[in-house]
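Residue numbers (this note's numbering), protein chains in the order written: chain A, 1366 to 1496; chain B, 1366 to 1496; chain C, 1366 to 1496; chain D, 1366 to 1496.
FYI, nobody ran anything at the bench for these hints, they're computed from the structure. Just to be clear, a hint being listed does not mean it is correct.
In silico SDA-like pairs for lysine to any residue, Cα to Cα no more than 25 Å straight-line [claimed, not checked]:
hint: 1; chain 1: D; residue 1: Lys-1406; chain 2: D; residue 2: Ser-1422
hint: 2; chain 1: D; residue 1: Lys-1406; chain 2: B; residue 2: Lys-1406
hint: 3; chain 1: A; residue 1: Lys-1406; chain 2: A; residue 2: Phe-1369
hint: 4; chain 1: B; residue 1: Lys-1406; chain 2: D; residue 2: Ser-1422
hint: 5; chain 1: D; residue 1: Lys-1406; chain 2: B; residue 2: Arg-1473
hint: 6; chain 1: C; residue 1: Lys-1406; chain 2: C; residue 2: Glu-1489
hint: 7; chain 1: C; residue 1: Lys-1406; chain 2: A; residue 2: Phe-1369
hint: 8; chain 1: B; residue 1: Lys-1406; chain 2: D; residue 2: Asp-1437
Facing chain C, from chain B, some residues (calculated, C-beta under 8 Å) [what the hints assert, rightly or not]:
hint: 9; residue: Phe-1369
hint: 10; residue: Val-1419
hint: 11; residue: Leu-1420
hint: 12; residue: Val-1423
hint: 13; residue: Ala-1426
hint: 14; residue: Gln-1427
hint: 15; residue: Leu-1461
Note that the Cβ used here is the ideal one computed from N, Cα and C, for glycine as well.
4 protein chains.
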Amino acid sequence: MSVFSWPVRVYVEDTDFGGIVYYANYLRFCERARTEWLRSKGWSQSVLAGERGVLFSVVGAQVNYRRPARLDDELVITCEPRRDGRASICFAQRILRGAELLADADVRVACLAAGTLRPMRLPEFVVAEVG
Amino acid sequence: MSVFSWPVRVYVEDTDFGGIVYYANYLRFCERARTEWLRSKGWSQSVLAGERGVLFSVVGAQVNYRRPARLDDELVITCEPRRDGRASICFAQRILRGAELLADADVRVACLAAGTLRPMRLPEFVVAEVG
Amino acid sequence: MSVFSWPVRVYVEDTDFGGIVYYANYLRFCERARTEWLRSKGWSQSVLAGERGVLFSVVGAQVNYRRPARLDDELVITCEPRRDGRASICFAQRILRGAELLADADVRVACLAAGTLRPMRLPEFVVAEVG
Amino acid sequence: MSVFSWPVRVYVEDTDFGGIVYYANYLRFCERARTEWLRSKGWSQSVLAGERGVLFSVVGAQVNYRRPARLDDELVITCEPRRDGRASICFAQRILRGAELLADADVRVACLAAGTLRPMRLPEFVVAEVG
């Protein structure tokens, strides 16, 4: 089965004084890939928030940084979702430069009601997708 | 008359691969000083947005970058507001490292209605402050 | 003559509590387009810094914000460079959503020696391009 | 024994369209506290990099997000370092709003040689501090 992936180019904004990508920014890259996975299923966060009152909110993240990414690198971010109970999804993600694994992350995302920021069940259409 | 100013420390997150502060981040520093000026007058953007439905939105910015700031620098950001018509405020701002002028900026801020994002008049309590 | 342009998608990381793109982030988008213009000419900033000791550094920026960009927007950033004296380039840039002009910016970029951060002349191969 | 802590104010730049702090930005806050812990011991990253050729680089991070932080919140970030082998330090960190725990993080930091980005032993003066 193919794994969803999304390309990310490293720009100056992503780097720090050490000449490498700032460590928090890998989490931005991971979120871009999750967003594009969602979009590939026909949904967007702006529509989910505006029309259904659903926010996806990260409740846990674990990242292993193996090798630094640098300016101008062309990265690929993978995204493998699986259901985690009734209210959250776990995404296994990898940050690759060619065949080289630069970092991997497990990111757990929960559903919040947009108005109250209280947890809510995963919408049916999300459950259907991540099983 | 004294000028409002706010200290900002440069952290790794602010720097880029050139070893200096990334150019867009000076605008973040300037906005911190504007926010603290507002707070010094007894208001906050979260209260203004939540209770009065007012967002302050930047409509124009001009920045001159003279000397780079670097990691660990202690900067001071000044903030001199003046009224600019019925719907906006102009902030003259400087970014200093000791007596050294690193950058200066003119930032024009307008009022938007939080729901519609349409322009609205400056609230009376803001007009009273910036004359 | 065609104008160089580069697509940018708006992600959650780019937005702020007002539901719109944070004002400093438009400058990140503009810099991505300048970087890709440079790449389209066969150069990259990492190679220029590493092999030739040249950093491009923004010395001035003027931005007009006309309409807010929002989450999930597909933007296009244009980039029109012209030479500005012996040591800098001016980029006229626009941020578009379809035919709608959201913002425009004039960004002046100078050359610095990577080690000393002192100004230096534009390299010949840059002059040849922006004439 | 007292725990090192550092105050962080939430600004617009830290928030996202959900009205809460963007999840990657908690890692920026954590890094500010680590930097200030280091500074409280008389060192700075710029001096360590420039004079000793040492970069601290995050090799692992685990974050639990419990409650969202919002615009204008006054947070406190704690920082409890302990040695982890010969080449890395583990920081236990918490993000608090008053007595309320918003998030906690374990961040593992290793030493890299600034030029080569290769791992190196913790400098003696760091070992002396974190034992």
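For each hint, the structure was consulted:
The hinted pair formed by Lys-1406(D) and Ser-1422(D) meets the criterion: a straight-line CA distance of about 18 Å does not exceed 25 Å. Restraint check for Lys-1406(D) and Lys-1406(B): the C-alpha separation of about 36 Å exceeds 25 Å, so the hint is violated. Restraint check for Lys-1406(A) and Phe-1369(A): the C-alpha separation of about 11 Å stays at or below 25 Å, so the hint holds. Note on Lys-1406(B) and Ser-1422(D): the hinted pairing is violated, with a Cα-Cα distance of about 41 Å set against a maximum of 25 Å.
With a CA separation close to 41 Å, the supplied pair Lys-1406(D) and Arg-1473(B) exceeds the 25 Å bound. Of the pairs offered as hints, the one joining Lys-1406(C) and Glu-1489(C) holds, with about 13 Å between alpha carbons and a cut-off of 25 Å not exceeded. For the given pair, Lys-1406(C) sits about 31 Å from Phe-1369(A) by alpha-carbon distance, which is inconsistent with the 25 Å threshold. Between Lys-1406(B) and Asp-1437(D) the CA atoms are separated by roughly 15 Å; this keeps the pair inside 25 Å, and the hint holds.
Look at Phe-1369(B): its Cβ only gets to about 20 Å from chain C, farther than 8 Å, so that hint breaks. Residue-level restraint check for Val-1419(B) is violated (minimum Cβ-Cβ distance to chain C is 11 Å; threshold 8 Å). At a threshold of 8 Å, the smallest CB-CB gap from Leu-1420(B) to chain C is about 5 Å, leaving the interface hint in force. The interface hint given for Val-1423(B) is met, as the beta carbon of that residue sits about 4 Å from the closest beta carbon of chain C, less than 8 Å.
A hinted interface residue such as Ala-1426(B) counts as satisfied when its beta carbon comes closer than 8 Å to some beta carbon of chain C; here the least separation is about 5 Å, so the hint holds. Against a cut-off of 8 Å between C-beta atoms, the interface hint on Gln-1427(B) holds, since the closest Cβ of chain C lies about 4 Å away. The interface hint given for Leu-1461(B) is violated, since its Cβ lies 18 Å from the closest Cβ of chain C, which is over the 8 Å cut-off.
Consistency note: the structure conflicts with the earlier hints numbered 2, 4, 5, 7, 9, 10, 15.
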